[in-house]
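K.L.:
So the chains spell out like this:
Protein chains: 2
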Amino acid sequence: MSGDKTAIEEGAELLLDFGKLRKAAACGQALVPAVAQDVDSGEVLIIGYANRMALEHALKNGVAAFWSTSRNELWVKGATSGDFLDIVEIRVNCEQTSLLYRVKLRGRGSCHTRDRDGVPRLGCFYRRIEKGKLVFVPDPREASDRCPGSDGGARS
Amino acid sequence: MSGDKTAIEEGAELLLDFGKLRKAAACGQALVPAVAQDVDSGEVLIIGYANRMALEHALKNGVAAFWSTSRNELWVKGATSGDFLDIVEIRVNCEQTSLLYRVKLRGRGSCHTRDRDGVPRLGCFYRRIEKGKLVFVPDPREASDRCPGSDGGARS
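One line per chain: the protein sequences are A and B, in this order. Residue numbering for the first sequence follows the working numbering, starting at 2 and increasing by one per position. Residue numbering for the second sequence follows the working numbering, starting at 2 and increasing by one per position.
If you are wondering where the hints come from, they were derived from the structure by calculation, not from laboratory data. Do not take every clue at face value.
A few chain B residues that don't get close to chain A, going by computed Cβ distances all over 12 Å [what the hints assert, rightly or not]: (1) A8; (2) A26; (3) G43; (4) L75; (5) V77; (6) G83; (7) D84; (8) R117; (9) D118.
A short, non-exhaustive set of chain A residues, derived as facing chain B with CB atoms under 8 Å [what the hints assert, rightly or not]: (10) Q97; (11) V120; (12) F126.
Here the structure is a predicted model, which means the values were calculated and not measured. Ideal Cβ positions, reconstructed from N, Cα and C, are used throughout, including at glycine.
Here chain A stands alone, though its shape is the one from the complex:
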């Protein structure tokens, strides 16, 4: 993993890439944002993009599918890792400009990053902004084992 990638994915520095949307749109596909949400925990897992092919794949095969704007190809979540996201339902917003995949995890997690135990993180939103820095939030699967009011803070 390159130093940059480690800093972005595992660091405490806010390094938001505001160029993302422009780059995504430049991949040449007609896309809408597509968000995957775990119906069990309510956790927002992934914010990705979908073209018609990805939506049709998701509808036909019952697993969350996106368009990878970096590789510029269909990205069926779990096709490589086995950690598929089974579709419970697909929702559309008021203006019909975005998609919400409501899913159940078939595997261990949905993020390509791993926690300190080497397990794929449940979702991609494992850090929150606090005083301009990033702070890790506990995996809701861990958090549910804790007593209310106990340490809900950083996990590393």
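Position chain B against the provided structure of chain A, taking the given hints into account.
P.N.:
Relative to the frame of chain A, chain B by itself:
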């Protein structure tokens, strides 16, 4: 409301605008997708976009703010309607290419559309795709009054 707008927002026809991302990116701002999620119900309320100004507004003022890619201006949710979304925390994804606003509703709802009682809908994802058509899903605030197994179908 124009016929088109009614069909898109209140209809059963799937009329997804896959041109959205391209149009959003063409507004000239450096943007990332920004999703607002209700921390109480877990409901995904809004999928929008944020530039640095919107994020800074949200951090500074504690209310969800987006960049309106159609009006090309800062869009502070609730500034017109009074239905602000108070920020509980802001999360960042693994690759630092999107934002998750975890919020509490100060007002009645977050969608600009209204239900049959004239009340702003809780969120924008009030329809699901079913056999190629859109079916209304109950507002979770209504659903919680219902017995499990009772009619969870269309609300109109």
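K.L.:
Now look at each hint and say whether the structure bears it out.
P.N.:
Results for each hint:
no.	hint	in the structure
1	A8	violated (9 Å)
2	A26	violated (4 Å)
3	G43	violated (3 Å)
4	L75	holds (15 Å)
5	V77	holds (18 Å)
6	G83	holds (19 Å)
7	D84	holds (14 Å)
8	R117	holds (15 Å)
9	D118	holds (17 Å)
10	Q97	holds (5 Å)
11	V120	violated (14 Å)
12	F126	holds (4 Å)
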